[in-house]
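Chain by chain, the residues:
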Amino acid sequence: MDRRNFLQKSAQMSALAAASALVRSRAEATPTAPATTAPAVDPGIAARNAEVTWNKAPCRFCGTGCHVQVGVAQTEKGKRVVAIAGDRMAEVNKGLLCVKGYHVGLALYGQDRLTQPLLRQPDGSQTPISWEKAIEIVAQRVMKDPKGFAMYGSGQWTIPEGYAALKFIKGGLGHNHIDPNARLCMASAVTGFISTYGVDEPAGCYDDLEAADTIILWGNNPAEMHPVLFSRIVDRRLRGEKVTIFDITTRHTRSSDHADHVLMFKPQSDLAIANGIANYLIQNGKLDQAFVDKRVAFRKDADVAKPNLDGVPMNFEEYKKAVSFYTLDKVAEISGIEKDKLQKLFEVFGQKERRIMSLWCMGMNQHTRGTAINRLVHGVHLLSGHFGRPGDAPTSLTGQPSACGTVREVGTLAHALPGGRVVANDHHREETEEIWGVPKGRILAKPGYHTVAMWEKFSTPTDKGGDIHTIWVQVTNPGQTLPNRTKLFSHHKAGPDKFLIVSDVYPTATTRDADLVLPSAMWVEKNGMFGNSERRTQQWFKMVDPPGEARDDCWQTLAVAHKLLELGHPGMKTVDGKFLFHMEKDGREVPAWQWPHYYDRNVDEALFEEYRKFSRYKHKDLAPYQEYVKARGLRWPVVQQPDGSWRETRFRFAEFDDPYVKKGEVIQFYHSVTKDDRAQVWFNPYEAPPEVPDADYPLWLCTGRVIEHWHSGTMTMRIAPLRDAMPQAYVEVHPDDAKALGIQNGEVVAVESRRGSIEVPAWIGGRAKPQKGLVFVPFYDERLLINQVTLEAHCPISKQPDYKKCAVRLRKVAVAPAQPAYAPARGNG
Amino acid sequence: MQTHEKQPNPGGRWLHVLAVGALSVALVGFLAGTTHVERPAASAPTAQDAVGVPPAPSYRELRERGRDPLPPGASELLLQQMPPRDVSATVDPGFAEREQAVAARRQLRAFDGAPPRVPHVVGQEGLAACGACHMEGLLIGGKPIPQASHANYTNCTQCHVPTDAPLPKSMARLDQSVGSSSFVGWWGPSFGRRAWPGAPPATPHSTWMRNQCTACHGDSGALGLKTSHPWRTSCVQCHALQSDLENPGPPRSPLPPGPGAQAGEMPRASVGNPQGAPAP
Chain A
1 MDRRNFLQKS AQMSALAAAS ALVRSRAEAT PTAPATTAPA VDPGIAARNA
51 EVTWNKAPCR FCGTGCHVQV GVAQTEKGKR VVAIAGDRMA EVNKGLLCVK
101 GYHVGLALYG QDRLTQPLLR QPDGSQTPIS WEKAIEIVAQ RVMKDPKGFA
151 MYGSGQWTIP EGYAALKFIK GGLGHNHIDP NARLCMASAV TGFISTYGVD
201 EPAGCYDDLE AADTIILWGN NPAEMHPVLF SRIVDRRLRG EKVTIFDITT
251 RHTRSSDHAD HVLMFKPQSD LAIANGIANY LIQNGKLDQA FVDKRVAFRK
301 DADVAKPNLD GVPMNFEEYK KAVSFYTLDK VAEISGIEKD KLQKLFEVFG
351 QKERRIMSLW CMGMNQHTRG TAINRLVHGV HLLSGHFGRP GDAPTSLTGQ
401 PSACGTVREV GTLAHALPGG RVVANDHHRE ETEEIWGVPK GRILAKPGYH
451 TVAMWEKFST PTDKGGDIHT IWVQVTNPGQ TLPNRTKLFS HHKAGPDKFL
501 IVSDVYPTAT TRDADLVLPS AMWVEKNGMF GNSERRTQQW FKMVDPPGEA
551 RDDCWQTLAV AHKLLELGHP GMKTVDGKFL FHMEKDGREV PAWQWPHYYD
601 RNVDEALFEE YRKFSRYKHK DLAPYQEYVK ARGLRWPVVQ QPDGSWRETR
651 FRFAEFDDPY VKKGEVIQFY HSVTKDDRAQ VWFNPYEAPP EVPDADYPLW
701 LCTGRVIEHW HSGTMTMRIA PLRDAMPQAY VEVHPDDAKA LGIQNGEVVA
751 VESRRGSIEV PAWIGGRAKP QKGLVFVPFY DERLLINQVT LEAHCPISKQ
801 PDYKKCAVRL RKVAVAPAQP AYAPARGNG
Chain B
830 MQTHEKQPNP GGRWLHVLAV GALSVALVGF LAGTTHVERP AASAPTAQDA
880 VGVPPAPSYR ELRERGRDPL PPGASELLLQ QMPPRDVSAT VDPGFAEREQ
930 AVAARRQLRA FDGAPPRVPH VVGQEGLAAC GACHMEGLLI GGKPIPQASH
980 ANYTNCTQCH VPTDAPLPKS MARLDQSVGS SSFVGWWGPS FGRRAWPGAP
1030 PATPHSTWMR NQCTACHGDS GALGLKTSHP WRTSCVQCHA LQSDLENPGP
1080 PRSPLPPGPG AQAGEMPRAS VGNPQGAPAP
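Sequences listed follow chains A and B, in order. For the first sequence, the positions run 1 to 829 when my numbering is used. For the second sequence, the positions run 830 to 1109 when my numbering is used.
By construction, these hints were calculated from the structure, which means they are not laboratory data. Because the structure is a prediction, the values reported are computed rather than measured. Every residue gets a Cβ at the ideal spot worked out from N, C-alpha and C, and that includes glycine. Accuracy of the hints is not assured; some may be wrong.
Covered stretches of chain B (in silico footprint by chain A; criterion: 3 or more residues with CB under 8 angstroms from a CB of chain A, positions within the stretch not fixed) [as the list claims (entries may be wrong)]:
| id | stretch |
| --- | --- |
| 1 | 842-853 |
| 2 | 933-941 |
| 3 | 1010-1023 |
| 4 | 1051-1061 |
Anything over 10 angstroms on all C-beta distances counts as not near chain A; from chain B, calculated [to be verified]:
| id | residue |
| --- | --- |
| 5 | ALA925 |
| 6 | GLU928 |
| 7 | GLN929 |
| 8 | PRO944 |
| 9 | ARG946 |
| 10 | LEU967 |
| 11 | GLY971 |
| 12 | PRO975 |
| 13 | PRO1026 |
| 14 | ALA1031 |
| 15 | ASP1048 |
Computed Cβ-Cβ distance ranges for the label pairs, DEER-style [unchecked claim]:
| id | chain 1 | residue 1 | chain 2 | residue 2 | range |
| --- | --- | --- | --- | --- | --- |
| 16 | A | LYS613 | B | VAL931 | 26 to 34 angstroms |
| 17 | B | PRO1026 | A | PRO128 | 54 to 62 angstroms |
| 18 | B | LEU847 | A | GLU338 | 50 to 58 angstroms |
| 19 | A | LYS344 | B | VAL931 | 50 to 58 angstroms |
| 20 | B | ILE969 | A | GLU241 | 32 to 40 angstroms |
| 21 | B | HIS1058 | A | GLU241 | 54 to 62 angstroms |
| 22 | B | ALA1031 | A | LYS79 | 47 to 55 angstroms |
| 23 | B | SER1019 | A | PHE656 | 28 to 36 angstroms |
| 24 | A | GLU566 | B | VAL931 | 56 to 64 angstroms |
Okay, chain B solo, but in the shape it has when bound (with noise of 0.2 angstroms):
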């Protein structure tokens, strides 16, 4: 109190008492900040509970995981900023592009109808976090985050792994003493069949686990698989499903069987003779 009274400026006073404080403030801060803070350990991502607004990943995550899955419900933020679609804009992808297009589908498949590998990283937990973008699919920044093309699973990491394993970044790698496979996978046509130049291309490929087209062929696809007429939306009504590929089998016949039907005489692969051994 003394103090005060002796002083004319009590202003300027508290503008170094500020300033004084300001500044342990950041001396403060900027050891605490070069000081590295051993942490024993990192804690598991917590289920989070956050409403709206997903949580921010800290820095530890962030170094560790990678590239991360978005959170749940940052995908439905970013696809309320999504522009709206313009379904009447044609498309004309040309040769080039539907090469590129195969060869970028074949870059995660071991053969034709392997479920893709997913080229980012999965959380190891809370797995339906993969619907919030591959239920409808999405563009982003042109970039095209495909539609599944069946609908009918739950547990998605059943079929589909991550290219890239999804141990933390910082965890100590085995070398890879094994020998990989030299497995040589199977590519069925690149293109449909067409009755004459012009004729709607009858499918080439089975719509089994393949039956929502616009997975591929629609705005979420990739260029050179995408259609020249996105505003139609009956698929089927021009271009033609092939029975024999679509044919899962007739139904067991209700009526006794023929008399060309002794056990025996079913059909079988073409591979070698009865015994199975391989044709010479």
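Excised from the complex, chain A in its bound form (with noise of 0.2 angstroms):
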């Protein structure tokens, strides 16, 4: 028996189960109807045990935004999370979770959570020291040199904490050095919308998953990644649902054993693919004619080698002739993909009646031609006219629980401002300053550095150009997830006037090389906000308290800018005098910067609020702060109907869905950047990656994730069941490569590039198989820091670097024996 045919054979019993099954719980049969005012506690959870009450957050971890039912109930230890149940009532994830998700209860109880406030001494210890303290010693830092102080976030910041983060580098210090991780995780995707579409963010929705009859994998593996959204995809195959699904990849993944078709590529070569795709359909005759005619424009860099966001047109003759060398020869030769899979994928988008969903994430954009990716599956689904339908989708998915909510929308990034604006337009300038109530002219027109530069100047001595003095971290773990860390991450070495401040929640490969740590609430221990990869809005309240002097990173931003005022910074004031971030209650003053009057009034709510009046310009309309505390979020536009009610929209640019589409237009790209309503379909040559195996360095290597562990292992190496699981990285081998150097399965290896290496024991025949000639390191364990390894090499247009490829070699490393355990070199960083 096959795997087919085992694969038939178990859906068949599980349907028969199914079917036989001895009770249909009503529960279980259909999850509720989408509904916009489901009650904030799940009834059926409430009434478990009337000790524990319940109540709705989205999950902590990945951009898939599945909400979880939170039981917190009295212990000897105070009021704790004590279980996690999936959320009946979430359209996301209709009461399913991952394993992630179900133990995300989990995080808060790490026993090492830093409570306290720490500075480094000059002997290199770290010794706790007062809040008032360490707030005074972070605005000391500003007012030090305010054009050298920057912040570094992520998309883990709450909706409200990004906003305020945001105000108070852009509005009150006047400059913008801000940017978030976001930058290494899905910057591409930004540039690769905007420059299709005029606006960021997906037009399609996870309602596609089901309407979707072809799913096309780019570089991706959501079995591990997303799992919610691949079960949503693969569990209708038990319903008796036909979905095929083609897995374009480097490694054999565990969503490739649920793939109909696995294309295994040659890394980079997904822009010989997909030029590949338009090259066939055009030769083919297969355009969608009036699809291309009505809503369509051609585009391409003026310079190849200097691309920008903007490009030049170009036409469709020109275009035809810039695709033709993409003949399925050539695009075989270039991918190293059969020919007969090839054409398959190819016939595919000529197939009008099908229904597309393209699905991509990292693969796609830690890219070195990353925006050039994203413009290029944009334009096979606009060439082929699956765009528009349901189930006919590019679209996007982001790792982080608010990278579209907080880094996207609210734009906490070197260029932007909130709402889809940018610092380089006066226009957008003039509108944010009279919104925030600062003088004209405070916003700086000049976009701030990006991550890679802020962290290349933090880690330059400051007499040789090295400008940020000081970086403030928040939610993140720069330590370990910069690239080539060695050169990025070595900001001792700049010279004693560079000082690190790392806001986290537990010691990381961050906060041990930080200067002040500050301690912080997380997740339900605070108010919070996110936005997932659909757009969807989401609020939850806080639940129980953060451990120690623990408090939350909003109020952070909150104090340091109250002691600002306090210290004269004249960036603190608005033109009427009031503090930056005025918040009233009752008439009067909230004084949210002390820490006992912070929750006097619900400052998520007052900060969103005043978010909310930039969401209208780029038609992400967003509901009153209310509307979400009733709903499982709402997607955007959030449009008021005559009724007085908020009605979200799933499809965008499409008329049958989206109320901003005219009348009679069926499709309608309303924020082109051709001012004519039509998308940008762009050509991009297929360009060799900055750094390919050679003699020296034979293998490529890439990083990635695991199921088990989210981001830098963090909140996940401290859940037993997780860390079990998976207890330490490895790399990933192929068997003949493992052959050819002699490794054995679970010898220890050094990983060598050009820029380090790290000792990591092999794998053989594991989790995935790499295709010969790569090897692959998972980047979540912090004892072994990939980022040693890879290079820094970025997109010229997103910024975002390449964690996918570079030139690796593998070398032996005796171990003795009677030590099982062993300690890693720690390479040269």
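Both chains come to you apart, so use the hints to assemble them.
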């Protein structure tokens, strides 16, 4: 019996089992109809036990945006989270979670939570200090030279936290040195959307997962990384539906196990594959001519060597000629994919009746041509007309819970302002200054340093042009996640005037090098709002107290801002003389900067209601805060109806669902960069990556993730069920490569690149099977920092580095057999 | 040929030749067996196309993978060999067995409602193998292999991870340097409510993800959780589901909201005040 038969048999058995189930539980039969006013508590769960109170929250981990029910009870250790359940009223996950989500409550109670502010002493130790002193130190670092004080955050900032940080830097300090780790994560998706549609974020949504009959995974492994979404796809097969999955990949992953067609491609050749599809459509008369004639314009980079976001127009004939290079033979040669498999992929896009959903995440985004491959994938959907119907959509996924909500929508990026605005635009700055009530000219027109540049400047001595003297890190772990760590995370070597401030919940690779550590509250220890991959804005309330003296990140920002006001920094006042973060309740000012008063008023609501004013410009309309209290998230644009209710939008640019599309237009790209309601189909050629394997470094290195761990593992490595299941990083090696190098399964090898090396055990025939000539290392293990090895080369437009490919070699390392546990060499960092 | 002619007993000679041959083979075999042949690399277990008989794992694989999941097909062979079920046999677990079974459940779960961890090695490829045993449940040598308590999902390792890492046994391990969670999980009641002694107990738990009663209460369940009357198959005939446990929430009413249903009045959990601050 082969695998396919076995799968079929299993499906039949399962269907039978389902049919003969002794209990046809109403609860499990169908999740509730999408409700915008679902009660916050799932009554089924709430009634299980009176001692436990349940409330809704989005999961703390990835960008899928599952809702969990959080069970809180009084225990001998105080009021704590004691249970987690999938939220049956959540449309995203319909009561299901993944193994991380089920154990998210455990993330709060690691034994080494940071509970006190810590200051680095001259001897290198970190000793506890008071919050008053800590806030004073941060403020003094600003006063020393405000222009050299940068903030570095992430897509784990809640929406109000990110908004406060952005306003503090851009509206308060008057410069733009604020960037998030999302720059390392989905910046290429953003530039792809903007250069194609003129506005960021997917037009489709998760509803497409059920409506599509063909799923294309572009370098994506959702079985591990977005498991709940992947189950929404593959579980359809149990219901007798046919879903065809194409997996375009460099490793055979768990997603490949479920795929009908596995297209194993050479790194970087995705550019050729997408161009090949476009060429096939043109050569075989498979273009959706009506769609192309009315909705599409063609575009290319003016100078391929120096590409930018704007590009220049080209006509169809030029485009046709440009892609004609990418014949089936040529693409097969560049990509290494068998011709018959490629042909199948090409043909699928030519079939109008199909509903095709493309999914991608880091594979396409962490790419030195990240913007280009994003554009090309949008392009093949537009050329083939696989756009704007349910199930027909190119949809990027995000890795962090609020990469969309905070980074992309609030705009916590060096070049951005809230609601899709940019600092370079005079009008945008004026609008922003008006809403913030700060004097005209406060916001600087020049973009700040993007992530790689910011850390490079921070790691460069001041007298050699390193003009960032302090970075305040919130909600992320750059000491582990920055590429080429040796170069970019080494401020201690750059002189004594450099100062690193880190707000976090656990000790990390970043806090270890920090000069000041601020203990933070996390997840349901504070109020919060996230925005997931499908434009869904979510809200939750604080349920338990943070441990020790840990405090909300947003409070920390407000406290520093107010301290600066006290010290006389002119930026912390509005034009009418109020505090930059002035908040009122019942007509009186709330001193939210004082911790005992922080919860006197819902600071999240105050900040969100202000931020909401920015959301109309790009038709990303947000509803009032209280609407999100009632819902399991709402997808923007959320538009008020004549009866006063608020309606979310599932499919943008499509008349049947998007209220901003003109009647009769069917599809309208109303933010078109060419102002003619057309989307841009870009031509971008295949270009070789900056570093390719050679005689000295003969292997590709790809980095990534596993289902058990999230991001840098700070939280999940403290959760026993997850850590036991996947306790450490490893290097996946193809059996042929292992054989050639004489590497045994489990043996420790050094993974070496031109930038650094780590020692890590080899796993042959493990979780996934890399193609020959490629090794894979997951990046979650802080003891095995693969980013000593990776390359900081980045996409010239999105500035997102390529963690997916660089050249390495493997070297056997002798480990004494008497010591089963070994101490990894820390490289030269 | 000459030698042949000289020998009066050709049969005896052949015996000698055979003996020498056999000895040589034995010697070569012995030497080959004692010599450690360095295999350059363990090859990945390839997808097996064998029909019927599951392929035997190599000694190397056995050593490295520890207790292996049964290869595809093996469980079906086992299933055929299982004795027929005696559904008329009365089961009467006592309180001690119940407590034991409940404790065993907790061993594999972080809290009531967490997906159980898998107490055996899980193959890193081909996930449908789970269904071979857990779709129906098995009883092998008195040891129950539980049936899945739900049947609507495909990607098993999305929720269920092994208690023990799937890494090769030979892999050098790092010390666990981080502090584990001090999380304390919540557990629901172990018994269902009865109206009077002898009355059928109501279901003490939600049937969300637990709608296959036989998974825990049938043949493949632990003794202490087993029903005393396995021949009855319509469980809900007597054991009432509790509507407050089962209700997934009322569907949205097509009618306009009544005068009391103002925004902000939707029921929320009894946690804190409207600002979300914890109750003092």
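Quiz item: Where does the structure disagree with the numbered hints, that is, which hint numbers, in rising order?
Solution: Violated: hints 1, 4, 8, 9, 16, 21, 22, 23.
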